[in-house]
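Peer 1: Take a look at the letters that make up each chain.
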Amino acid sequence: MALSGANLQLDSFEELAIPLFDQLYNFAHWLTQNREEAEDLVQETYVKALKGFSSFQLGTNFRAWIYRILRNTFLTSRKGLKVTMTVPFDFDEDEEGPEPAIERDTPETLMLARSSQESLQQAIDELPVHFREILLLCEVEEMSYQEISDTLAVPIGTVMSRLSRARRTLRSQLQSHLQREAGPQIARGTNHGL
Amino acid sequence: MVCESWKARLDTYLDREVPEQEMRTFDSHVRNCASCSADALSRVQLKRAIQVAGKRFTPSAEFRKRMQQSMLPKPRRSFHLGWMLAAAAAMVLVVGTLTSTYLRNRSGRDQAFSEIADLHVATLASSSPVDVISTDRHTVKPWFQGRIPFAFNLPELQNSEFSLLGGRMTYLEQTPGAHLIYDVRKHHISVFIFQERSLPARLSDNAPQPGQLSFNAETWSQGGLRYFVIGDASAADIEGLAKLFKAAS
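Chains A and B, in that order, give the protein sequences.
The first sequence: position 121 = 121 (this note's numbering), numbered continuously.
The second sequence: position 172 = 172 (this note's numbering), numbered continuously.
Among the hints, erroneous ones may be present.
[To be verified] For the chain B half of the interface with chain A, some residues (derived, Cβ under 10 Å), not all of them: (1) R43; (2) K47; (3) A49; (4) Q51; (5) K55; (6) T58; (7) R64; (8) R66; (9) A122; (10) S128; (11) R147; (12) Y171; (13) E173; (14) Q174.
Simulated from the structure, these hints should not be mistaken for laboratory data.
Being a predicted model, the structure only gives us computed values, none of them experimental.
Beta carbons: idealized from backbone N, C-alpha and C, even for Gly.
Generate coordinates for the entire structure from the input sequences, incorporating the hints supplied.
Peer 2: Take a look at the structure:
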């Protein structure tokens, strides 16, 4: 009985965890910015998740649970500690008001048309890790605010304000990239105020 | 500027995170407002571009294979083997019933040791096993300041065969602790230190019996801290390092 229970648990774990392998690796690589470290991080995440799976309540959000393990593991890694030392990771952002409206003629369409995928990836890469992770969870993993809140262990208000700041910072990064790539004629021709 | 209040919530709307009733009002406004409509379009384009650009990294075939071999699905057992396992399970159940009281007392401790063994192995297998690399205890000890909620002493290793390799932060059952790695005749030994009161269940001072764990291990509590020493070095070496720690604390 004990054995079949363990098998059932292993089966459930496999069923839930294996489909997330590629996504977890992608997220881990964005966090660590290094292939070997991403592999270590994913491996450690799976070991911890399997070990702690008995504490996971079936029917609750497994994706948020395993992403949270990955993120916490990252934060205790050498690179994660470096990040937390340089940036106050969970600083309170709720005081920030809502994102100001983008100016009418902000040329995001133009900006995107002119930006290559490479420069967008570079701009994401250059974001501080707390902006990078929330943007990826929202746009790439398509997590709801509630899932992001569960994953990052922050209130939904913080999710909203951090996401807003992440997007604003990304636009600004893209703007800089575009100006660097295209030279002064772009800045002269359009209003890029963000 | 009429639309400023709408635009301030445009991202939330595009993330489909405004309440349903408000969603309909938003839909209607965006459809009829050229400014908001253009703004929404450009933001959606950015969202889509991030979505594509964000799916950037894929695991290598080698890593995928390694993971499959180590922990991803094992080949399904044959029907015959399944029955053998079922019979074995029945035996386990009988024996388990007889020994359940004994096991209950030990399970918490054994689980902790099993976790400790996992942490030891996972760390040594990592490409960066330590976060502070130093043989000097006066460098390693201060590194933990502000990272863990307690202080501890490291032993003087002069005239001993042990050498300190470095340390890193670790977690046991979500409790932060210190993980130190020592070397003795090419064997690595891990020393884990946690606050006794933060650990979920009190542990006895008896390490698992030889054979229960593929490592030699020792544990004790001193000054409110719980120490674990574990490694594939001889039992005498594990005991020797434990003694140095006990003397230093």
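Peer 1: Each hint: holds or not?
Peer 2: Hint by hint, here is what the structure shows:
1. R43: Result: holds, 7 Å to nearest chain A Cβ.
2. K47: Since the shortest Cβ distance to chain A is 6 Å, the answer is holds.
3. A49: Hint on B:A49: holds, closest Cβ of chain A at ~5 Å, below 10 Å.
4. Q51: 5 Å, holds
5. K55: Interface hint status for B:K55: holds (6 Å vs cutoff 10 Å).
6. T58: 6 Å, holds
7. R64: Because about 7 Å separates B:R64 from the closest Cβ in chain A, which is inside the 10 Å limit, the hint holds.
8. R66: Status holds, d = 8 Å.
9. A122: For B:A122, the interface hint holds, since the closest Cβ of chain A sits about 6 Å away, which is under 10 Å.
10. S128: OK, holds: B:S128 within 10 Å of chain A, min 6 Å.
11. R147: Result: holds, 7 Å to nearest chain A Cβ.
12. Y171: 6 Å, holds
13. E173: Holds: closest Cβ of chain A sits about 9 Å from B:E173, inside 10 Å.
14. Q174: Hint on B:Q174: holds, closest Cβ of chain A at ~9 Å, below 10 Å.
Violated hints: none; the structure is consistent with every hint.
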